[in-house]
Amino acid sequence: MSFYENTLVAKQDLPKSELEKIKEKYSDLINNTSGKLIKVEEWGLLNLATKIKKYNKAFYIHFKFEGSKITLNEIKKKIKVDTSIIRHLIVKYKNLDTENEYFKKER
Amino acid sequence: MKRKSKKFLKKNTSSLSKLSLFQKSDGKFNRTCPLSVKNAPIIDYKNISLLKKYISENNKILSSKITSVSSGKQKKLTKEIKKAKILGLI
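Chains as they are written, first to last, in my numbering: chain A, 53 to 159; chain B, 95 to 184.
With the rest of the complex left out, here is chain A (with noise of 0.2 Å):
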């Protein structure tokens, strides 16, 4: 078991009742399979630094799990398939630091 972080990068053009399906989705996904959800942050709509796939803008939304192999494969599984989803990142951390928040001014 280790700590990991996962981003999502979910299309503009969504209403705001999917985006909360997104968000159920994934931290069920996690709990389910033997990792422990801690904490999720919304950072809304940002403008991304260069067009990604015709779009000028994106909702961002923060995973912070303890997990293991299991679930991180079950996670990329799912992410592949869904086609709401421009872009993902997971990094893998020693400790993580549930204080700092870096987008929320900007909300």
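Incorrect hints may appear among the rest.
Rough simulated footprint, nothing fancy, chain A against chain B, three-plus residues with beta-carbon under 8 Å [what the hints assert, rightly or not]:
| hint | region |
| --- | --- |
| 1 | 159 to 168 |
| 2 | 178 to 184 |
Derived lysine-lysine pairs resembling DSS-like cross-links, with alpha carbons at most 30 Å apart [to be verified]:
| hint | chain 1 | residue 1 | chain 2 | residue 2 |
| --- | --- | --- | --- | --- |
| 3 | A | 91 | B | 159 |
| 4 | A | 144 | B | 154 |
| 5 | A | 63 | B | 132 |
| 6 | B | 176 | A | 105 |
| 7 | A | 132 | B | 170 |
| 8 | A | 144 | B | 176 |
| 9 | B | 173 | A | 116 |
| 10 | A | 103 | B | 177 |
Chain B residues, not near chain A, derived (Cβ > 12 Å throughout) [said to hold, decoys possible]:
| hint | residue |
| --- | --- |
| 11 | 125 |
| 12 | 142 |
| 13 | 143 |
| 14 | 144 |
| 15 | 153 |
| 16 | 155 |
| 17 | 172 |
Calculated from the structure, these hints are not laboratory results.
Keep in mind the model is a prediction, meaning the values are calculated, not measured.
All C-beta atoms, glycine included, are put in the ideal place defined by N, C-alpha and C.
Go by the hints and put chain B onto chain A.
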């Protein structure tokens, strides 16, 4: 009046000591690393305001010769900048 004239002379001598343009200047460029001081900011791909200082106008990573970052921190910086570029933050 006398004092003023003395100052003027001193300045003149300093500029005269440099004989040619190709002589090395006396100014020191060896500054200390700004990221390995006490209470230094955390290098992370979410901390965009810090990462933007170490990027040129064309989104290229600046070399450590210009910014005087230590070699260990420069390796960390490049990794975090590349992560931020994947997400489209920079």
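With the threshold set at 30 Å, check whether the alpha-carbon distance from residue 144/A to residue 154/B stays at or below it.
Satisfied, since the Cα-Cα distance of roughly 26 Å is no more than 30 Å.
Test the statement that residue 172/B is away from the interface with chain A: the closest C-beta pair must be farther apart than 12 Å.
holds, 15 Å
Please check whether the region 178 to 184 of chain B has three or more residues whose CB lies within less than 8 Å of a CB on chain A.
holds (count 6)
Claimed clearance of chain A by residue 153/B, with the beta carbon kept past 12 Å:
violated, 8 Å
Going by Cβ atoms, does residue 125/B stay more than 12 Å from chain A at every point?
Consistent with the label, residue 125/B stays out of reach of chain A, its closest Cβ about 27 Å off (over 12 Å).
Beyond 12 Å from every chain A Cβ: check whether that's true for residue 142/B.
violated, 7 Å
When you check the alpha-carbon spacing of residue 132/A and residue 170/B, does it fall within 30 Å?
Roughly 29 Å separates the two Cα atoms, so the pair holds.
Holds or violated: is the Cβ of residue 143/B farther than 12 Å from all Cβ atoms of chain A?
For residue 143/B, whose nearest Cβ neighbour in chain A is about 8 Å away, the distance does not exceed 12 Å, so it is violated.
Non-interface claim for residue 155/B: all C-beta distances to chain A beyond 12 Å?
holds, 14 Å
Residue 63/A and residue 132/B were given as a pair; does the straight-line alpha-carbon distance stay at or below 30 Å?
The given pair, whose Cα atoms are some 41 Å apart, is violated under the 30 Å limit.
Counting residues of the region 159 to 168 of chain B that have a beta-carbon nearer than 8 Å to any beta-carbon of chain A, does the count reach 3?
Contact hint for the region 159 to 168 of chain B vs chain A: violated, 0 residues under 8 Å.
Is residue 91/A close enough to residue 159/B, meaning Cα to Cα at most 30 Å?
Measuring from Cα to Cα gives roughly 39 Å; hence the hint is violated.
The earlier numbered hints that this structure contradicts are 1, 3, 5, 12, 13, 14, 15.
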